[in-house]
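Q: Spelled out from the first residue to the last, the chains are:
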Amino acid sequence: MRALKSVSFDLQAGEVHALVGENGAGKSTLIKVLTGAVQADAGTILLDGETITGNSPQHSRSLGIAAVYQQPAIFPHLTVAENIALVNEPGRAAARVDWKTRLNTARELLKAVGAEIDPSREAGTLSMPEQQLVEIAKALGANVRVLILDEPTASLTEVETERLLGIVARLRGQGAGIIYISHRLDELSRIADRITVLRDGESVATRAAAETTSKQLISLMVGREMASVFPKRSVALGAPVLKVDRLVCGSADLQSATFEVRAGEILGIAGLVGSGRTQLAETLFGITPPDSGSVSVNGTAIYIKNPQQAIEAGLAYVPEDRRRHGIVGDLPVRANTTLAILDKLGNTTLLDQAAERTLASDWVTRLGIKTDGIDAPANSLSGGNQQKVAIARWLATNPKVLILDEPTQGIDVGAKAECHRIMCDLAERGLAIVMISSELAEVLGMSDRIAVMRKGEMVATIDRADATPDLILSHALGHGGPA
Amino acid sequence: MKQRATAIAIFWALLLTTMALRAPSFFEFGNLRDIAVTNASALIVATGMTLVIIAGEIDVSVGSQFAVASVIAGTLVKAGLPLPLTALITLFAGACFGALNGFLVTTLGVPSIVATLAAMAFWRELLRWITQGAWVQGLPASFQWMGLSQAHGELAILAASAALFGAFAWAMRHLHCGRAVYAVGSNRESARLAGLPVPLITFSVFTLMGALTAVAAVLDSVRFSQVQSSAGAGLELKAISAVVIGGTAITGGTGGLWGTLLGASVLAVIAPALTFLGINAFWEKAIQGGIILGAIVLERVSKRGGRRAR
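Chains as they are written, first to last, in our numbering: chain P, 1 to 483; chain S, 1 to 310.
Read the hints as simulated data drawn from the structure, not as lab findings.
Please note that the accuracy of each hint is not assured.
Stated by the list, open to error - From the structure, some residues in chain P lie toward chain S, with a derived Cβ separation under 10 Å:
| hint | residue |
| --- | --- |
| 1 | Thr29 |
| 2 | Tyr317 |
| 3 | Ile327 |
| 4 | Leu331 |
| 5 | Thr338 |
To be verified - Counterexamples of contact, computed for chain P against chain S with all Cβ distances above 12 Å:
| hint | residue |
| --- | --- |
| 6 | Ser56 |
| 7 | Ser203 |
| 8 | Ile341 |
| 9 | Glu428 |
Heads up, the beta-carbon is just placed ideally off N, CA and C, and yes, glycines get one too.
Looking at chain P on its own, in the form it has when it is part of the complex (with noise of 0.2 Å):
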C-alpha cells in the first residue's frame, strides 16, 4: 500500500499553507516524511533551496522543522519546564542542568504563545489545549522555521480556537513558515494563504485561500470517480432489525445517536476519524455502556452492559484493530472461529473438539479463508484472512445484526472485493449489518443508506440513491446545514 504516490509542495516563509484531504489523502504520512519519522521512496525535499538528504526527526528538528499533533506528545509526568527543555537542551548526557535558566526559557516561551501555564507544574495536570500551547512553545523554543499543526484545533473550543489561531498569525508575522492542516474549511479562509488539496496520496490542486469556497475544496478532495466496482446487489428489505434511539455515552463522546438496520440492509457509517463511529459500534456491543437511550432488537427493548449481553442479544461486532481486538493470534484458526460460542458448542459441559473441527473447516470454506489449516495459529495469516477469521467467529453466534469496524482497513484489493461478496451474501440471508467505514468510496458502494456522524452525533442518513461524495463530506465536515 502506498500512503504518498507523488506530492509537490512548496511552503514560503512568512506563509501559512493549508493542507486538505479526506481521511488516508496521505497528509500524516506527508508530514512524517518532512519530520524524518518515514524515509521518502523518491522525490526530494528542499529547505531554503538545501535539499535535506538523510532526514531523520533529529535532523529536521535541528534544521528548524518541528511539528505539532493532534494528540499532544507531552510526558505527563515531567513539568512543563522539562517537556520544552527536553527537546530544545541539546544533550550531553552528563551535562549539569540549569535549573533557572530553563525556568526562565520555558517561561518566556509560553509567554510567546500567549499561556498562562506555570513552567514547574506536571505536565499531565494541563488540559488538552494547554497541552497543545506546551506543545507550540517547544516548537517555538528549537528555533523553528517551519511549523507542521496537524489538526490542532480538533480537541478545541471556539475560545481556545480564537487564540490558537491569533498565535499562528503572529508566528507567520514573524516570518515562520507554518503547514496548517484541519478539517475546519472555515478557519482555512481566516488564517491560510494557500490551500493544498491531497486526495489518495496526491497533491491535486494549490489554490488562494481568499478565492476557494469550501463548496470547490470538498469537490477537490472527493473529484473522482467510484475507483473500484463494489458488488453490492439489491436485496429486498426485512423489517426493522435493530433499532436505536437518542443513544448517548458520555465517558466515550458519544453524544447521540439514532438510527434503525432492517434485514437484509446494510447501513454505512461514514465520519470523519474521532467523529465517534468507533465509540458508537462500542457503546451498542455493551464495551462502554449506554448513559440514555434505547436499543432495540426485533422490537424487544435491550439492556447491553456487557458483550455477553450484547452477544446474548443477538449483537455481533467485528473490531476495527483485528489484531489487538479481533483475532488471538496465538490460538489455531478453529479455536479462533469458536472463541465466541464456547458455551454453545456441542454438549454443554465438554469443549466438543470434533464439533468445532466441523465448524470451523466449514467456515473455512464458506469464507474461502487461505490457512494452512484449522490448526495453523491466526498469526500466520495474511490480513485479509485474518479478518475473515474475526468474521467467522462472529457469524458462528448466528447474530441478526451485524456491526463491522473499517472491515477492510489495511488489506489487498483481492481480499477486499471477497469481504465485499460475503457481506452482500449476508445481506441477502436477511443479517442487518452496520459497517462503519472511512473509505468513502465503500461506503457508497455497499450501503443501503449512509449514516454520518460528526463530533460524537448522528448529524444525517442518507439514501443511497441520494448519496454523493460531495453531500457526505458536507455533513462530516459540519457545511451540511440542517438534514
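Following the hints, put chain S in place on chain P, whose structure we already have.
A: Chain S only, in chain P's frame:
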C-alpha cells in the same frame, strides 16, 4: 514452543544417556522412585503455575503459601484432627490464599508480579512471626505416609500427583474453561470482546493455584515427622522454571502441561545426576540457569530463522 520442548527433550535424553553409560546405578528402581516422590509436590505446584502463566499472569507467592499450608496441616494433625479433615481444611485455606491474590489482581488491578510479591513477603513473615521459626514437631504416626507403610505411602503420593496432573492436562484441552485460559493470556481484549468473563477466569486461575499449592504441601508434609517453617523456600522459582523450560511462553497464551511435565522432569534429575557423577552439587543452580537460557536462546534463534524463511 515446540522447538524449546524439543531442545529440552534432546538435552534430557543426552543427560540420561550419559547417566546410563557413566553411572548405571542411577536407573535403579529405588533411586528413580525417590526422585519422583521428592519432586511430586513441585510438579503439582508447576501444574498450577502453568495455568497462571498461560493466563498471562505470574504467582511468586507459592513458596510462602506452601510453607503456611504445611504449617497449618501439621498443626491441625498435631491437634488431633483426622487426616482427611486436615487435608480438606488446608485445601480450603490454600484456595483462600490464591483467591486473595486473584482479588488483588482482578478487582484492584494490581499487576500480578507486584501483588504476589507482596503476598510472598507477607505470608513468609507472618509465619515467621507466629511460629518464631519453630518447627511443628512430633506429628502423630497416623499422619506419616498417611498412616500407610512407607512403600504404600509413596505410591499414594505418586498416584495422587499423577491423577491431579492428568486431570488438569485433560481439562486444559477438553473443557471450555481451559480454552478460555489460553484466550485470556493471548489477547485479553479480544477475549473480553468475545464475551468471555476475563476477570472471573483470572481469579479462578489464582484460586486454583492456591488450592494446588495446599495439596502439594499436604502431600509433601506426610513424608516427614515434622514440618519446617521454612518449607517451600525457592519453590516459586522451581515451578516457574519448569513451566518456562517446558515451552510455555512467559508472556502467556501458548504452552501446555505436557511441556511442564518435561521441564519438571529435567529439573528433577539434575541434582541427583550430579551426585551420581561425583560433581559438586553447587553446580546444580548454574546448570539449571544454563538450561533455561539455552532453551530460550535456541528457540529465539530458530524462530528468527523461520520468520526470515517466510
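Q: Confirm or reject each hint.
A: Okay, the hints, checked on the actual structure:
1. Thr29: 26 Å, violated
2. Tyr317: Result: holds, 7 Å to nearest chain S Cβ.
3. Ile327: 7 Å, holds
4. Leu331: 6 Å, holds
5. Thr338: 8 Å, holds
6. Ser56: 26 Å, holds
7. Ser203: 37 Å, holds
8. Ile341: Label violated. Min Cβ-Cβ 9 Å, cutoff 12 Å.
9. Glu428: 26 Å, holds
Checked against the numbered hints given earlier, the structure breaks hints 1 and 8 and satisfies all the rest.
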